[in-house]
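> What follows is each chain in one-letter form.
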Amino acid sequence: MTETIFFYVFALLALSGAVLTVTARSAVYSAVSLIVSLVGVAGLFLLQGAEFLFAVQIILYIGGVMVLFLFVIMLVNLDEAARQRQFNRQWMLAAACVLGVGALFLYFLNRGAASFQIAGAAASVPGEGNTERLADVLFSEYLLPFEIASLLLLVAIVGSVIMAKKRV
Amino acid sequence: MHPITTAHYLVLSAALLLIGTLGVLTRRNIVIILMSIELILNAVNLNLIAFSKHLGQVSGQIFAIFVIVVAVGEAAVGLGILIALFRNKETVHADEVDLLKW
Chain W
3 MTETIFFYVF ALLALSGAVL TVTARSAVYS AVSLIVSLVG VAGLFLLQGA
53 EFLFAVQIIL YIGGVMVLFL FVIMLVNLDE AARQRQFNRQ WMLAAACVLG
103 VGALFLYFLN RGAASFQIAG AAASVPGEGN TERLADVLFS EYLLPFEIAS
153 LLLLVAIVGS VIMAKKRV
Chain G
139 MHPITTAHYL VLSAALLLIG TLGVLTRRNI VIILMSIELI LNAVNLNLIA
189 FSKHLGQVSG QIFAIFVIVV AVGEAAVGLG ILIALFRNKE TVHADEVDLL
239 KW
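Note that the protein sequences, when read in sequence, are chains W and G.
Residue numbers for the first sequence follow my numbering, so the first one is 3 and each next one is one higher.
Residue numbers for the second sequence follow my numbering, so the first one is 139 and each next one is one higher.
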């Protein structure tokens, strides 16, 4: 019962934040609504027992990426852009395509609805937390992708520094 | 009230993904396009974690961690490109960047 109420509260946060992000005129408003949406999604992570990802979402997304976005909004002069047209000329075609894909999603979700009624087997060992399980799997089975991810982050750091430098 | 099933999470994540796609396809401001991409990646994470719970496996959460890593790298590089673009062309609108068009 409590879970149902929390699900709808967080889903409302996520969806309303997302709609405001896409429709807001000012980029700062858009960023703040995106933070609201990310908080909603973080709450849904917590609701599904993914505590580690909840913490990562709060610290890394809201604390890191959104601050980066706000910094760039301060650096780049957006006052002129806020006064101009916000949507491009193909917006009707884009909306039609998105509606089509949405109808497709609903159709296939309806067709597969029966398979979601079976409750998932909660394979949690008592006395072992979510973070411990994640660490066990991440550092044994997924060790190579983990190392490759560190390489990807290094490339991203070097690339963004070079891109934002004054004279290349 | 009905109990919350995996299908609820799937419908929610599909809705978030569609809103994000609409933002990418229709907005002109590149900063907001990048934020819509973050929205799409979040919808994917929600989907992965719903299936991780549904199947009782932890692999979905590992995949979500990798998606977050890619999203962070994409945001850093994308914003770097945006700063370089603004320095050279004084615009943040995606449809005014048409140097390669003829």
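No lab work stands behind these hints, which were simulated from the structure alone.
Be aware that a few hints might be false.
Stated by the list, open to error - Taking lysine-lysine pairs in the DSBU-like style, the calculated list, with each CA pair at most 30 Å apart, reads:
hint: 1; chain 1: G; residue 1: K239; chain 2: G; residue 2: K227
hint: 2; chain 1: G; residue 1: K227; chain 2: W; residue 2: K167
hint: 3; chain 1: W; residue 1: K168; chain 2: G; residue 2: K191
hint: 4; chain 1: G; residue 1: K227; chain 2: W; residue 2: K168
hint: 5; chain 1: W; residue 1: K167; chain 2: G; residue 2: K239
Given the structure is predicted, the values throughout are model-derived calculations rather than measurements.
> Hints first: check each against the structure and report whether it holds.
Hints versus structure:
1. G:K239 - G:K227: Within the cut-off at roughly 15 Å; holds.
2. G:K227 - W:K167: Holds, at roughly 16 Å.
3. W:K168 - G:K191: With a Cα-Cα distance of about 47 Å, the restraint between W:K168 and G:K191 is violated, given a limit of 30 Å.
4. G:K227 - W:K168: holds (14 Å)
5. W:K167 - G:K239: OK: W:K167 and G:K239 at ~26 Å, within 30 Å.
In terms of the numbered hints stated before, the structure departs from hint 3 and from no other.
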